[in-house]
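Undergrad: Given the coordinates of chain A, work out where chain B should sit on it, guided by the hints.
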Amino acid sequence: MTDNRHLIEIKEVGKDYLSKDVAVKAIRNMDFFIDDGEFVSIMGQSGSGKSTLLSIIGGLNHPTRGNVFVDTLDIYSLSSEQRADFRSEYIGIIFQSFQLIPYLTVLENVKLPMAITGIKKGKKKEMAMNVLKKVGLQEKVNRLPDQLSGGEQERVAIARAIVNNPPILLADEPTGNLDSETAIEVMNLLKELNDDQTIIMVTHNQDMCAYSSRTIRVKDGECFLY
Amino acid sequence: MAYDTEKYRKKREKVLGMKKRGISFGVISTIVSICIMGAMGFVVLPGTIAYIAERNLDDAIYRLESSASWPNEIVTGILETEGVVEAVTDKGGKRLIITFDRQEVEVVIFSSFFAKNGLKPTLLNRVNHRQRVTILKEEKKLEAL
Numbered sequence: 001m002t003d004n005r006h007l008i009e010i011k012e013v014g015k016d017y018l019s020k021d022v023a024v025k026a027i028r029n030m031d032f033f034i035d036d037g038e039f040v041s042i043m044g045q046s047g048s049g050k051s052t053l054l055s056i057i058g059g060l061n062h063p064t065r066g067n068v069f070v071d072t073l074d075i076y077s078l079s080s081e082q083r084a085d086f087r088s089e090y091i092g093i094i095f096q097s098f099q100l101i102p103y104l105t106v107l108e109n110v111k112l113p114m115a116i117t118g119i120k121k122g123k124k125k126e127m128a129m130n131v132l133k134k135v136g137l138q139e140k141v142n143r144l145p146d147q148l149s150g151g152e153q154e155r156v157a158i159a160r161a162i163v164n165n166p167p168i169l170l171a172d173e174p175t176g177n178l179d180s181e182t183a184i185e186v187m188n189l190l191k192e193l194n195d196d197q198t199i200i201m202v203t204h205n206q207d208m209c210a211y212s213s214r215t216i217r218v219k220d221g222e223c224f225l226y
Numbered sequence: 001m002a003y004d005t006e007k008y009r010k011k012r013e014k015v016l017g018m019k020k021r022g023i024s025f026g027v028i029s030t031i032v033s034i035c036i037m038g039a040m041g042f043v044v045l046p047g048t049i050a051y052i053a054e055r056n057l058d059d060a061i062y063r064l065e066s067s068a069s070w071p072n073e074i075v076t077g078i079l080e081t082e083g084v085v086e087a088v089t090d091k092g093g094k095r096l097i098i099t100f101d102r103q104e105v106e107v108v109i110f111s112s113f114f115a116k117n118g119l120k121p122t123l124l125n126r127v128n129h130r131q132r133v134t135i136l137k138e139e140k141k142l143e144a145l
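So the sequence lines, in the order shown, correspond to chains A and B.
Residue 69 in the numbering used here sits at position 69 of the first sequence, and the numbers go up by one each step.
Residue 4 in the numbering used here sits at position 4 of the second sequence, and the numbers go up by one each step.
Everything labelled a hint here was simulated from the structure, so no lab data went into it.
Being a predicted model, the structure only gives us computed values, none of them experimental.
For glycine and all other residues, C-beta sits at the position ideal for the given N, C-alpha and C.
It is possible that part of the hints are untrue.
Every beta carbon over 10 Å from chain A, so not counted as near; a handful from chain B, in silico [to be verified]:
no., residue
1, T5
2, K14
3, V15
4, L16
5, I36
6, A53
7, R55
8, S66
9, A68
10, G77
11, V84
12, G92
13, L123
14, L124
15, T134
16, L136
Heads up, simulated DSS-like pairs for lysine-lysine below, C-alpha to C-alpha not over 25 Å straight-line [as the list claims (entries may be wrong)]:
no., chain 1, residue 1, chain 2, residue 2
17, A, K140, A, K121
18, A, K140, A, K124
19, A, K125, B, K94
20, B, K14, A, K111
DEER-style ranges, computed between Cβ atoms [unchecked claim]:
no., chain 1, residue 1, chain 2, residue 2, range
21, A, L104, B, G22, 26 to 36 Å
22, B, V44, A, L144, 57 to 67 Å
23, B, M40, A, L18, 51 to 61 Å
24, B, K10, A, L104, 58 to 68 Å
25, A, Q138, B, G41, 55 to 65 Å
26, B, F25, A, L18, 41 to 51 Å
27, B, I36, A, E222, 53 to 63 Å
28, A, P102, B, V43, 25 to 35 Å
29, A, L104, B, F25, 49 to 59 Å
30, A, E12, B, M37, 34 to 44 Å
Next up, chain A with everything else stripped away, as it sits in the complex:
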């Protein structure tokens, strides 16, 4: 066990992409931490590296340099199998475009992350129903995604992200496709979820940052803490 005392620690992380034989530094040396129970916004212009940073925290994108510690685990030192387990156990992801499976019902979409967990069928349904109740969609479990409004689809995506009860919720522009009224509803829901989960939200909307306890500003691959 290391001496890390923060839930998430980003240590000198850098990420380069190769574009036409030229290395583009998407993220320069970033160094910060996020504590358990925080609601952190990552804010920045398009192409500033905020989504790359989010995917690195989520164990989805190997950094070129540095280490990412989550719950004392150096996640990029883990084997790929262990890292898959890490994502299943620790991370819930809400995408801007919801990424719901169009031919599966709301209930089936929410049950999807539990497919490889070994949880029994009946228990899976119970867990899915519980989170759908939490997001206020218990009446629409048998509908297909295209029979729902944008806000409802977002709530299904949130339910799917939290069904495994991950301690960390990553939200990539969760209100990007929503009108302002629905966006506020979704942000209130995220705020409620923050009682149990650490939330890291990528946004370029200043108003949405008001819901978070801290904002990390990203510009040209570097971060500035507030």
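TA: Same frame as chain A, now just chain B:
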């Protein structure tokens, strides 16, 4: 909120593989392989052992010219010859079958032993021991029919 390392201990242990989740594919495949090899060994091994033990054995079948029965002292005497595994009589004691290791002894040794004892038997046949045992088994089967 202060971070408590104990809070997510179970998740951490699961990721690090410290918490067992059923039997792994590797263990199952090892058990299945051992079972298959064990079963194959059970079928194949006795035959293999028998072959290794008997692969150098030959049978020499003798009959006395007078068609008299073989004296017991000759049978016991031939048994003491190095390389002889078995010496038995059949057909009412008129045939002597000597099972011997062809790498250690040859029929000329038996001929000289018989000559020393004043006997001049006829060598009826010399055959591989395993082949003879197989023929005897098949004959028994045919007799039973």
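Undergrad: Each hint: holds or not?
TA: Hints versus structure:
no.: 1; hint: T5; result: violated (6 Å)
no.: 2; hint: K14; result: violated (6 Å)
no.: 3; hint: V15; result: violated (5 Å)
no.: 4; hint: L16; result: violated (7 Å)
no.: 5; hint: I36; result: holds (27 Å)
no.: 6; hint: A53; result: holds (49 Å)
no.: 7; hint: R55; result: holds (50 Å)
no.: 8; hint: S66; result: holds (85 Å)
no.: 9; hint: A68; result: holds (83 Å)
no.: 10; hint: G77; result: holds (74 Å)
no.: 11; hint: V84; result: holds (64 Å)
no.: 12; hint: G92; result: holds (76 Å)
no.: 13; hint: L123; result: holds (72 Å)
no.: 14; hint: L124; result: holds (72 Å)
no.: 15; hint: T134; result: holds (55 Å)
no.: 16; hint: L136; result: holds (61 Å)
no.: 17; hint: A:K140 to A:K121; result: holds (20 Å)
no.: 18; hint: A:K140 to A:K124; result: holds (17 Å)
no.: 19; hint: A:K125 to B:K94; result: violated (87 Å)
no.: 20; hint: B:K14 to A:K111; result: holds (21 Å)
no.: 21; hint: A:L104 to B:G22: 26 to 36 Å; result: holds (27 Å)
no.: 22; hint: B:V44 to A:L144: 57 to 67 Å; result: holds (59 Å)
no.: 23; hint: B:M40 to A:L18: 51 to 61 Å; result: holds (53 Å)
no.: 24; hint: B:K10 to A:L104: 58 to 68 Å; result: violated (30 Å)
no.: 25; hint: A:Q138 to B:G41: 55 to 65 Å; result: holds (60 Å)
no.: 26; hint: B:F25 to A:L18: 41 to 51 Å; result: violated (36 Å)
no.: 27; hint: B:I36 to A:E222: 53 to 63 Å; result: holds (60 Å)
no.: 28; hint: A:P102 to B:V43: 25 to 35 Å; result: violated (55 Å)
no.: 29; hint: A:L104 to B:F25: 49 to 59 Å; result: violated (28 Å)
no.: 30; hint: A:E12 to B:M37: 34 to 44 Å; result: violated (52 Å)
Violated hints, in rising order: 1, 2, 3, 4, 19, 24, 26, 28, 29 and 30; the structure is consistent with all others.
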